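With the hints as extra help, turn the sequences into a complete structure.
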Amino acid sequence: MAGPAERVHPVPESISDADAAMLEPLGVALHTMDLAHVKLAGTVAVVGCGPIGLCVVQLARAAGATHVVAVEPLPHRRAAAAEHGADLVLDPTDPDLLSLVAATTAGRGIDVVIEVAGTDEAVDLAVRVVRPGGTVVLAGIPGTDRTSFPASTARRKGLTLKLSRRMKEMYPRTISLVDRGLVDVRSLVTYTFPLEQAQEAFQVAARRTGLKVMVAPSA
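The sequence shown begins at 3 in this note's numbering and counts up by one.
Any given hint might turn out to be false.
Taking lysine to any residue and the SDA-like style, the derived pairs with C-alpha atoms no more than 25 Å apart in a straight line are [said to hold, decoys possible]:
1) K164 / G66
2) K214 / T146
3) K214 / A43
4) K214 / K41
5) K164 / D181
6) K41 / D19
7) K164 / A43
8) K159 / G44
9) K214 / D19
10) K214 / E202
11) K159 / T68
12) K214 / F204
13) K41 / V13
14) K159 / E202
15) K41 / E202
16) K164 / R110
17) K41 / A105
18) K164 / G52
Just so you know, the hints here were simulated from the structure itself, not pulled from any lab data.
As the structure is a prediction and not an experimental result, all values here were calculated from the model.
So this is what it looks like as structure tokens:
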């Protein structure tokens, strides 16, 4: 295999092959955080706690956010969000969600909301919990080519909406984060299958009972 040298990023021996495979989703999360401009001692909410969302939770904590709120419908992902640094973990169907967020932020609302679920419901929730003048970053990929949000609420609040696609030149930084132990990607891989069981791996991923499913040819 041949390719441009600038596209090759040496990985230190301290990072396993499995961890190296997780550098790409971490890069997506890091690019999202760059767009969000999280301030020291700010408040962050992450809507959707799959592997990328859980990376965002860790990065928000590392960036110095004083309160990190995670919103996720699946119980095992809510548990993972708490384990990875979220201060408040909520089910989006909880009727008390808005009041709980208000109590956590002294009624101010969230400074930055990062949506990583890819549903209109998640976008709607992000707009509702963010503070006036706050920022919403849409990183989730919707199932169709369209998404929607409550425009009147966003306009009244004077929100900044940003969209994130994949990652930019993030590999050197993600390698450094994992190598220094600032982000835990290893625990995000909950199932590993050998290549000959790739079909089963996709079936397990579709059931959404874990976090990241990995196919490792050497497993």
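Against the structure, the hints come out as follows:
no.: 1; hint: K164 / G66; in the structure: holds (21 Å)
no.: 2; hint: K214 / T146; in the structure: holds (23 Å)
no.: 3; hint: K214 / A43; in the structure: violated (30 Å)
no.: 4; hint: K214 / K41; in the structure: violated (29 Å)
no.: 5; hint: K164 / D181; in the structure: violated (30 Å)
no.: 6; hint: K41 / D19; in the structure: violated (33 Å)
no.: 7; hint: K164 / A43; in the structure: holds (21 Å)
no.: 8; hint: K159 / G44; in the structure: holds (18 Å)
no.: 9; hint: K214 / D19; in the structure: holds (15 Å)
no.: 10; hint: K214 / E202; in the structure: holds (14 Å)
no.: 11; hint: K159 / T68; in the structure: holds (22 Å)
no.: 12; hint: K214 / F204; in the structure: holds (11 Å)
no.: 13; hint: K41 / V13; in the structure: violated (30 Å)
no.: 14; hint: K159 / E202; in the structure: violated (46 Å)
no.: 15; hint: K41 / E202; in the structure: violated (43 Å)
no.: 16; hint: K164 / R110; in the structure: holds (21 Å)
no.: 17; hint: K41 / A105; in the structure: holds (20 Å)
no.: 18; hint: K164 / G52; in the structure: holds (20 Å)
Hints 3, 4, 5, 6, 13, 14, 15 from the list above are not met by this structure, while the remaining hints are.
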